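As they're listed, the protein sequences go chains L and Y. All letters in the first sequence, in the order written, are residues 1 to 89 by the working numbering. All letters in the second sequence, in the order written, are residues 90 to 242 by the working numbering.
Please keep in mind that the hints were generated in silico from the structure rather than gathered at the bench. Just so we're clear, the structure is a prediction, and the values are computed from it rather than from any experiment. Note that CB positions come from ideal geometry on N, CA and C, so glycine has one too. Take the hints with a grain of salt, since some may be wrong.
Chain Y is faced by these chain L residues, among others (derived, beta-carbon under 8 Å) [what the hints assert, rightly or not]:
#1 V5
#2 F24
#3 K40
#4 L54
#5 W81
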Amino acid sequence: MEQLVRALEALPERTRTMFVLYKFEQLSQDTIAERYGISKSAVKQQIAKAMALLASDGRRKMKDSVITDTVDPRAEEAASWYLSSLTAR
Amino acid sequence: MSEADQAQFDDWLAVPDNADAFADMARMSRALDGLGEEPDIISLRTAALCDYEDRTDSGRRRGEVRKSLFAVALAASLLLAFLGVLSVWGDHSQRYATSIGERRTVLLDDGSQLALDGDSTVDVDLGHYRRSLVLVRGARGSTLPRTRCGPSP
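Extracted from the complex, chain L is given alone in its bound form (with noise of 0.2 Å):
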C-alpha cells in the first residue's frame, strides 16, 4: 500500500490531479471536464494514465520504486476499457 502512496505522489501533478478528483473524490469525468475547460476524453485519458502509470509501478514494484512519464500502452488501453465498463461515471 506505501509503494501504492508514493506511485500515486510521483504521478505527473495535471494528471494526479484529475486521478485524485475521480477516484476520491468522485467527481465525473464531464465535471471534471467542465471546470478545468477541456473534453470529457481529454480527462479519460488523464485517468486512463494515472491508471497505466500506476499499474506499471506496480508490476515493477520488486525492482525500483521509479516511476516515470512513460505509458505502457496496453496498460494504458486496459486503463480505459476499464473506465468504459465502469457504470455511467
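Knowing the structure of chain L, use the given hints to seat chain Y on it.
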C-alpha cells in the same frame, strides 16, 4: 457502453495479455479504494481540491471572457452591418457641378429641378425625412441661384 463498444471490448479482452492488464487495473483500483482516508492520500486530495477550486474560478472566468468576447464581436458585427446598410440605404448624397460659363438645370430624384449658375457645386442629399442642398461652391458665393427645390407638380 454501446453494443458495438461491448463487442470491441470482448474482442480485446479475449487476448490473454489484455485480460491480464485489465485484471491489473481492477486490482489496483480496488487497492486504492481502501486508501482514501490515509493521511498521505488526504494531503493529495486536499491539493487536488485546491487546484480544482482555483481552476474552477479561472475556468469560469475564461468561459465568461470567451462569452463576453463573443458578445462584443457579435455586437460589433451587427453595428458594422447596420452602418453598412445605412451607408447604402441612407446616403443619397450626390454632387452637381458646373464649370465657368456653364449653366445647367438638373432634374432631381424627387422630381424638383435645380438650376446652377456657372462655376458652382451643390451637394444634394434627398433623404426619406429631409432634403438637404449644400452649396459647396458658387459664383459670387450666392446661395443656390435660380434654384427650385419644391416638390414636383
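Checked hints:
This hint holds: L:V5 has a C-beta 5 Å from the nearest C-beta of chain Y, less than the 8 Å allowed. Checking L:F24 against chain Y: minimum C-beta separation of about 5 Å stays under 8 Å; hint holds. A hinted interface residue such as L:K40 counts as satisfied when its beta carbon comes closer than 8 Å to some beta carbon of chain Y; here the least separation is about 15 Å, so the hint is violated. Hint on L:L54 holds. Least Cβ distance to chain Y is approximately 6 Å, under the 8 Å limit.
Taken as an interface hint, L:W81 checks out: its beta carbon lies about 6 Å from the nearest beta carbon of chain Y, inside 8 Å.
Checked against the numbered hints above, the structure violates only hint 3.
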